[in-house]
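Chemist: Using the hints provided, position chain L relative to the given structure of chain B.
2 protein chains.
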Amino acid sequence: MRLAELSARSGVSTATIKYYLREGLLPPGERITATQAAYDEGHLRRLRLLRAMVQVGRMPVATVREVLKAVDDDSLDHHDRLGAAVGALPHDAGRNGSAADPEPVAEAERVADRLLELMGWPPEVRGSARAMPAYRMLVAALAEVARFGYPWDADHLAPYGRLAQELAVTDLDFVERYGSPEEQVEAAVALTVLYEPVLLSLRRLADTAESYRRFAAPRTGEAGA
Amino acid sequence: MRLAELSARSGVSTATIKYYLREGLLPPGERITATQAAYDEGHLRRLRLLRAMVQVGRMPVATVREVLKAVDDDSLDHHDRLGAAVGALPHDAGRNGSAADPEPVAEAERVADRLLELMGWPPEVRGSARAMPAYRMLVAALAEVARFGYPWDADHLAPYGRLAQELAVTDLDFVERYGSPEEQVEAAVALTVLYEPVLLSLRRLADTAESYRRFAAPRTGEAGA
Numbered sequence: 001m002r003l004a005e006l007s008a009r010s011g012v013s014t015a016t017i018k019y020y021l022r023e024g025l026l027p028p029g030e031r032i033t034a035t036q037a038a039y040d041e042g043h044l045r046r047l048r049l050l051r052a053m054v055q056v057g058r059m060p061v062a063t064v065r066e067v068l069k070a071v072d073d074d075s076l077d078h079h080d081r082l083g084a085a086v087g088a089l090p091h092d093a094g095r096n097g098s099a100a101d102p103e104p105v106a107e108a109e110r111v112a113d114r115l116l117e118l119m120g121w122p123p124e125v126r127g128s129a130r131a132m133p134a135y136r137m138l139v140a141a142l143a144e145v146a147r148f149g150y151p152w153d154a155d156h157l158a159p160y161g162r163l164a165q166e167l168a169v170t171d172l173d174f175v176e177r178y179g180s181p182e183e184q185v186e187a188a189v190a191l192t193v194l195y196e197p198v199l200l201s202l203r204r205l206a207d208t209a210e211s212y213r214r215f216a217a218p219r220t221g222e223a224g225a
Numbered sequence: 001m002r003l004a005e006l007s008a009r010s011g012v013s014t015a016t017i018k019y020y021l022r023e024g025l026l027p028p029g030e031r032i033t034a035t036q037a038a039y040d041e042g043h044l045r046r047l048r049l050l051r052a053m054v055q056v057g058r059m060p061v062a063t064v065r066e067v068l069k070a071v072d073d074d075s076l077d078h079h080d081r082l083g084a085a086v087g088a089l090p091h092d093a094g095r096n097g098s099a100a101d102p103e104p105v106a107e108a109e110r111v112a113d114r115l116l117e118l119m120g121w122p123p124e125v126r127g128s129a130r131a132m133p134a135y136r137m138l139v140a141a142l143a144e145v146a147r148f149g150y151p152w153d154a155d156h157l158a159p160y161g162r163l164a165q166e167l168a169v170t171d172l173d174f175v176e177r178y179g180s181p182e183e184q185v186e187a188a189v190a191l192t193v194l195y196e197p198v199l200l201s202l203r204r205l206a207d208t209a210e211s212y213r214r215f216a217a218p219r220t221g222e223a224g225a
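Residue numbers (the numbering used here), protein chains in the order written: chain B, 1 to 225; chain L, 1 to 225.
Chain B with its partners taken away, still in its complex shape:
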């Protein structure tokens, strides 16, 4: 397809597509004439991923480039690509903006390590996790909970770790529906970004429903149990 059709089908303006091409975030199309190129379904998929990261994830272009480097790294095996791509996603700077003191951070690292151990992760996975932005995000979040005086020990947090693992099984089942390794890696990145607000809103709604189940006073007019 030509640039105009790629723009129409992706919903991304031709000016933005040209910018992505110049920045190397979108691979060049197949050159047809001196001024025209042809694009394929892979370009469409890549644009969808770019929009998810830039528009929904509000990621700066430099970070997008880092994530795409992992997505496109043919020298890695499938797991390493998928893990590197999801692991390279930035933590949300808005939520963890405050610079934490070094002291609680060191303690938070011990808690994070113990938590991953309680989750039964093999040592090589724990080792590579420490290099990921998601691990820094976990340590910063734990230090924040500590700063506010709420419990943050690994034993207390273990149920959240267990549920995160069940979420991951659901996530990966979903990623595996996609055919090619390239599509799987792209889907893993896009769904991490797109499903986070779905998950957070469901948790808040479920909190209110659970609170209703536990605390709601029986309404008058209701038949007795």
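What the hints contain is simulated information worked out from the structure, not anything from laboratory work.
Some residues of chain L that are not near chain B, with every Cβ distance over 10 Å (derived):
(1) E5
(2) A8
(3) G42
(4) E182
Across the chosen pairs, the derived CB separations fall in these ranges:
(5) P151(B) to L118(L): 29 to 37 Å
(6) R58(L) to A4(B): 37 to 45 Å
(7) V61(B) to G149(L): 19 to 27 Å
Each residue gets a CB set at the ideal place from its N, CA and C atoms; glycine is no exception.
Modeler: Structure of chain L alone, referenced to chain B:
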């Protein structure tokens, strides 16, 4: 305690405490002299909650006021207070900033309603959920997933709904550790804000571990199974 001690113990500057007092976000202390007031543990707790909402949740003061109105509403029973307080938390504007078209939003509402039905919520809970910011956040997030062409039907999302309910059981077990209804409502609001980044980072790390489990090529030098 006096203002200086309240400031030292809460880590909030006296200028900020005076601002919260002027804005009515912090109830006045007990007047001792014309220029001095005494504050108690309740003031300390409230300051901790204010910091969680303002500093970590980055909520504007007008929204903080809305949430606190629910926290402090004695006319509601315990469930309604807790549900109203957590439900009044704003969705993260940064993640869902784009104005969605009305057409996908109407469809997203149908999907959200069906999802809550699949989660087995009683009709009265589903009815009151529709008035919450968390419900608008869910609808916006679903419309966003749809806009990007990823599956977003209620049947596909049902496992996330089930896991959100298990999270809610863990959340509420935790909230119930606190003694008084006031402390429980405050803990529910603070932990919703503080535990969200913990949960998201654990999910990303668990995604990479699950990807390792499924896709990692056996390393050379490993003993055969």
